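K.L.:
Now for the letters of each chain:
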Amino acid sequence: MSFELETAANRESLRRVAIDPVSRVEGHGKVTLLLDNAGHVKEARLHIVEFRGFEKFIQGRPYWEVPVMVQRLCGICPVSHHLAASKALDPVVGATRITPTAEKIRRLMHYGQILQSHALHFFHLSSPDLLFGFESPVHQRNIVGVAAAYPHVAKEGVLLRKFGQEVIRVTAGKRVHGTGAIPGGVNKSVSATDRDLLRKDADQVVSWSRDAVHLARRLHESNSPLYDEFGLFRSHLFSLVRADGAMDLYDGHLRLRDARGQIVRDGLPCTDYEQHIVEEVKPWSYMKFPFIRDLGPAKGWYKVGPLARVQNCDFIPSPLAEAERQDFIARGDGEPIHAPLAYHWARMIEMLHAAEVVRDLLDDPDLLSDDRLTSGPKGREGVGIIEAPRGTLIHHYRVGEDDLISYCNLIVSTTHNNQAMNEAVRQVARRYLDGRQLTEGLLNHIEVAIRAFDPCLSCATHALGKMPLAVELVDEHGQLVDRAISGG
Amino acid sequence: MTKQFLLDGQPVPFEDGQTILEAARKAGHYIPSLCWHQDFPPHGSCKLCIVKAAGRHVSACATPAKEGWEVESNTPEMNGERRGLLQMLFVEGNHFCPSCEKSGNCELQALGYEYEMLTPRFRHFFPERPVDASHPDMLLDFNRCIFCELCVRASRDVDGKSVFALTGRGIHKHLTVNAESGRLADTNFSKDDLAARICPVGVILPKGRGFAVPIGERTFDTETIRSKTLKEEES
Ligand code: SF4
Ligand code: FES
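Which chain is which? The protein sequence lines are F and C, in order. Numbering-wise (my numbering), the first sequence opens with residue 1053 and increments by one. Numbering-wise (my numbering), the second sequence opens with residue 349 and increments by one.
Incorrect hints may have been included.
As the list claims (entries may be wrong) - For the chain C half of the interface with chain F, some residues (derived, Cβ under 10 Å), not all of them:
{"no.": "1", "residue": "E440"}
{"no.": "2", "residue": "F444"}
{"no.": "3", "residue": "L553"}
Claimed, not checked - Not close to chain F: a few residues of chain C, all C-beta gaps over 10 Å, as computed:
{"no.": "4", "residue": "R404"}
{"no.": "5", "residue": "W417"}
{"no.": "6", "residue": "N422"}
{"no.": "7", "residue": "E449"}
{"no.": "8", "residue": "T535"}
If you're looking for bench data, these hints aren't it; they were derived computationally from the structure. In this text the structure is predicted, and so the values were computed from the model without any measurement. Backbone N, C-alpha and C fix where the C-beta goes; we use that ideal spot for every residue, glycine too.
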């Protein structure tokens, strides 16, 4: 877990290459490489423009507005922010426990979001690289290319996503920026009509999700030297798990495993997150670098998201996904799998789990009940932690006597993965780019590594391979040597 | 014989002293309004009720009807004027519908839809207007004030309290609370006052309610402001 290649010794004399913006990730990211005359990589950094201003924006606003307002943080997983904020604000209205109806509707919404987000990521954003190869012609490397070559894969991807969006619409009121969760519960039950509509497709969705796990697995196994090694680095794994150790993406306590798979922190209550997580600021990046306090910045960083969660839990509480998890774990041969490209396989296992959870919840009569809200003696502070599609998401608020937000702290999934993504970029730069003539295909290797983490870079950009990728070679005097634009 | 005028070519009967707006609505024709309220004298500030009467632009809420007048209201020209006025109202304050709890119940937003306001058109002023959350039951979010003075009038004329006042001119115009501290908590304002219910936009709000009624089930989610206004007129 070294910081090699984070900062080069003689930066001024090196040639600079920028990948800006990184395409097919959500938002705006940039990679800079410093190369010496022989083309050896001396420094590699992933920069993400993080929109921290939001916390200031929320301070001074009434607490009941926040779950709706925070959806604007992110155009791609608004539901995660919506739910994390609602959870954090439950204690503010005195809801130390919400009603079963409220919790199940929120869970339904959340797992619907996981399903649609994972489908979007795998089919739209990643499958072009995985099916065609990282150096395949750039015009083919998008969902349109996939639709032409693998029509059923593209179709199932589109329909899976659509189903997840329908689940969100039914629970949140709208496909995007709904208002379903409010502090203390939810504002709307599920109607029998909507429930039946979803249930009609639920078995098909489970079965397609299972196909998707098998596709991801086949891709991995058919090219295992690449999938097992590409961008490989080792780190801790961090996520929520349920009290009994099961995977739970909506609620639970925090658990940390080390790189060898030993549980080193467990049962940490969400409300104590500040005692355990510190965020380091580095001068070259807007995005902070979180680490576990008593392990220190050099050793205490970690991965979050599907790859961490699938291996951090003791089991997945749904049979089909659990069977897939066991096969996945078996591949590690007693050690955790750290390969970034294994994120895809793990992500599809989670998507299958989400499909099973959604299907089972749809049979629950509590969804239709009107027992939606809880209140009690008011609180002044709350922490809401949720496993968003991309990883652990933390919302923390304090509320003044006047009901306005007086303090707000958010740690988003992509921030947790900051160090991990930088590490993957460096591994790939060292292995594939070092000493070679740079081409678009080679630079795409870097993006493939970043994309594996499914970073959500705060502003809403549906890239779909259309975002132009600008690559610039700059000499030691800052002169532009070469420039290529692609990805249109 | 009853007197009448022509509204967009249709005869509208009226009684002496009735305004164009009152007579039109009574006869089942919609002319929009924001600052007008049947229980108060006309205010004439929002200008959304603008019509062309005998060739001149007038506020329908403040202009008495006249025998034989030809009045144009629902025409591309007048509706275009209204759209422009709405666009100005939107940029003068901080109206951020997607996270506003009044969304769906807000008359300004409903009129934006009614007159197909699709863009802001003008540059946003982004005025600095802090919220007043001092009162235990009610919140004031001045960001959304359109200066219709309905709360001023309701508090003064009905509640007998004069809690609110408008001060300043031009872009410095703003709503204030009549207390030395300027804080709502230091007035005798109550959540049961008429002024607590009258704001057509999202300034004067009961605390804690927020999004308890889902978007999609709110007043203007189920009917347009035009049909709601006309229905109320009938009853
Ligand atoms: S607070 Fe509401 S009612 Fe009062 S002047 Fe402003 S917009 Fe009109
Ligand atoms: S309604 Fe006539 S000016 Fe406002």
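K.L.:
Return the status of the interface hint for F444 of chain C: holds when the least beta-carbon distance to chain F is below 10 Å, violated otherwise.
P.N.:
Hint holds; F444 of chain C Cβ to chain F Cβ min 9 Å, cut 10 Å.
K.L.:
Any Cβ of chain F at or closer than 10 Å to T535 of chain C, or is the non-interface label fine?
P.N.:
Label holds. Min Cβ-Cβ 15 Å, cutoff 10 Å.
K.L.:
May I ask you to check that N422 of chain C keeps its beta-carbon over 10 Å from the closest beta-carbon of chain F?
P.N.:
It holds; N422 of chain C is separated from chain F by about 31 Å at its closest Cβ, greater than 10 Å.
K.L.:
With d taken as the least Cβ-Cβ distance between E449 of chain C and chain F, does d exceed 10 Å?
P.N.:
Its Cβ does come within 10 Å of chain F, the nearest being 6 Å, so this is violated.
K.L.:
Mind verifying the non-interface call on R404 of chain C? Its CB should be farther than 10 Å from each CB in chain F.
P.N.:
At roughly 44 Å from the nearest Cβ of chain F, R404 of chain C sits farther out than 10 Å, so the non-interface label holds.
K.L.:
Hey, does the E440 of chain C contact hint survive, CB to chain F under 10 Å?
P.N.:
violated (20 Å)
K.L.:
Can L553 of chain C be said to touch chain F, with a Cβ gap under 10 Å?
P.N.:
Holds, about 8 Å.
K.L.:
Is it correct that the beta-carbon of W417 of chain C has no partner in chain F closer than or equal to 10 Å?
P.N.:
holds (46 Å)
The structure is inconsistent with the numbered hints 1 and 7, although it conforms to all the rest.
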